[in-house]
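The sequence shown lines up with residues 1 to 173 when you count with the numbering used here.
It is worth saying that the hints were derived from the structure and are not from the lab.
Backbone N, C-alpha and C define an ideal beta-carbon position, used for all residues, glycine too.
Just so you know, not all the hints are guaranteed correct.
[Claimed, not checked] 25 Å max Cα-Cα, derived PhoX-like pairs, lysine-lysine:
#1 Lys144 / Lys121
#2 Lys148 / Lys122
#3 Lys121 / Lys145
#4 Lys148 / Lys165
#5 Lys144 / Lys163
#6 Lys121 / Lys148
#7 Lys163 / Lys2
#8 Lys122 / Lys144
#9 Lys122 / Lys2
#10 Lys145 / Lys122
#11 Lys145 / Lys2
#12 Lys163 / Lys145
#13 Lys163 / Lys148
#14 Lys121 / Lys2
[Claimed, not checked] Using C-beta positions, here's what the derived DEER-type ranges look like:
#15 Gln159 / Gly30: 44 to 50 Å
#16 Lys2 / Asp31: 34 to 40 Å
#17 Thr125 / Pro152: 17 to 23 Å
#18 Arg25 / Asp53: 19 to 25 Å
#19 Pro17 / Tyr54: 26 to 32 Å
#20 Asn4 / His62: 22 to 28 Å
#21 Ala115 / Pro152: 26 to 32 Å
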Amino acid sequence: MKRNDAERFLRDLANSPDQFLSHYREMFTGDADPEATATVLRQLLRRAWDARDYRRREWYCHEMAAYFHRLRPDRDLKESLGTAMAKGTLGDFLEPGSLLFSLREPPRRPSALEAALLYFKKNITHARHCRNRECPAPYYFARKKNQKYCSPVCALPAQRASKRKWWHENRQK
Numbered sequence: 001m002k003r004n005d006a007e008r009f010l011r012d013l014a015n016s017p018d019q020f021l022s023h024y025r026e027m028f029t030g031d032a033d034p035e036a037t038a039t040v041l042r043q044l045l046r047r048a049w050d051a052r053d054y055r056r057r058e059w060y061c062h063e064m065a066a067y068f069h070r071l072r073p074d075r076d077l078k079e080s081l082g083t084a085m086a087k088g089t090l091g092d093f094l095e096p097g098s099l100l101f102s103l104r105e106p107p108r109r110p111s112a113l114e115a116a117l118l119y120f121k122k123n124i125t126h127a128r129h130c131r132n133r134e135c136p137a138p139y140y141f142a143r144k145k146n147q148k149y150c151s152p153v154c155a156l157p158a159q160r161a162s163k164r165k166w167w168h169e170n171r172q173k
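Put together the whole structure using the sequences plus the hints.
The following block contains the structure:
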């Protein structure tokens with residue numbers, strides 16, 4: 001997954017509950033309740049995004065991937081074994097939470113979610129929460145080291161307040 005695609009996917013998942021599924025419907029093929037899955041993934045991503053320590057961030061990222069794959073054992077098995085063999089193999093032994101389920105091989109290709117999570121983990125120092133309390137999409141990736149706002153529009157009220165403060169302190173001089 002390319003950088004821009006990964007960032008857009010992660011920002012959309014964290015910020016856009018209403019529009020997310022319409023853009024990423026193919027990710028949830030075979031999912032009985034894609035809205036519920038997206039909601040859980042969104043909550044875990046937000047927790048990872050806002051986590052202040054490495055352990056918690058890793059925990060939430062792990063839980064996202066585990067939750068995503070727990071819902072699709074048949075898809076992952078069909079990809080690695082083939083459709084006919086997967087039908088015979090799936091059963092009580094490969095239920096999520098079982099020992100055999102935990103010991104299975106990862107899918108040949110990473111899913112879009114896995115690729116995005118890998119990008120997120122590698123670029124966590126750029127994942128920020130906009131300081132504008134009224135920002136409609138507060139989760140973003142910073143382009144500059146000390147960037148505090150997601151856009152110039154969100155930074156404008158703080159800039160105005162700073163200029164007003166300077167003016168009140170220095171206008172008498």
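Outcome of the hint check:
For the given pair, Lys144 sits about 18 Å from Lys121 by alpha-carbon distance, which is consistent with the 25 Å threshold. In summary, the hint linking Lys148 to Lys122 is supported, as the alpha carbons are separated by about 20 Å, within the 25 Å threshold. Between Lys121 and Lys145 the alpha-carbon distance is near 17 Å, which keeps this suggested pair within the 25 Å criterion. The straight-line distance between the Cα atoms of Lys148 and Lys165 is roughly 19 Å, inside the 25 Å bound, and the hint therefore holds.
At most 25 Å may separate the alpha-carbon atoms for a hinted pair to count; Lys144 and Lys163 meet this at roughly 22 Å. Restraint check: the Cα-Cα separation between Lys121 and Lys148 comes to about 20 Å, which is no more than 25 Å; the hinted pair holds. Simply put, Lys163 and Lys2 have alpha-carbon atoms about 39 Å apart, too far for the 25 Å limit, and the pair is violated. The suggested pairing of Lys122 with Lys144 holds, with an alpha-carbon distance near 16 Å, which does not exceed 25 Å.
Only pairs whose Cα atoms come within 25 Å are accepted, and Lys122 paired with Lys2 is accepted, the gap being roughly 13 Å. The straight-line distance between the Cα atoms of Lys145 and Lys122 is roughly 16 Å, inside the 25 Å bound, and the hint therefore holds. The suggested pairing of Lys145 with Lys2 holds, with an alpha-carbon distance near 22 Å, which does not exceed 25 Å. Restraint check for Lys163 and Lys145: satisfied, since their Cα atoms lie roughly 22 Å apart, inside the 25 Å limit.
Restraint check for Lys163 and Lys148: satisfied, since their Cα atoms lie roughly 17 Å apart, inside the 25 Å limit. A hinted pair counts as satisfied when its Cα atoms are at most 25 Å apart, and Lys121 with Lys2 qualifies at roughly 15 Å. At about 48 Å, the CB distance of Gln159 to Gly30 agrees with the hint of 44 to 50 Å. In this structure, Lys2 and Asp31 break the distance hint of 34 to 40 Å, their C-beta atoms being roughly 24 Å apart.
In this structure the supplied range 17 to 23 Å holds for Thr125 paired with Pro152, their Cβ-Cβ distance being about 22 Å. In this structure the hint that Arg25 and Asp53 lie 19 to 25 Å apart at CB is violated, the actual value being about 34 Å. The hint said 26 to 32 Å for the Cβ distance between Pro17 and Tyr54, and at roughly 27 Å that hint holds. Asn4 and His62 have their C-beta atoms about 25 Å apart, which keeps the hinted 22 to 28 Å range intact.
Roughly 30 Å separates the CB atoms of Ala115 and Pro152, a value that falls within the hinted 26 to 32 Å.
In the structure shown, a violation is registered for the earlier hints numbered 7, 16, 18, in ascending order.
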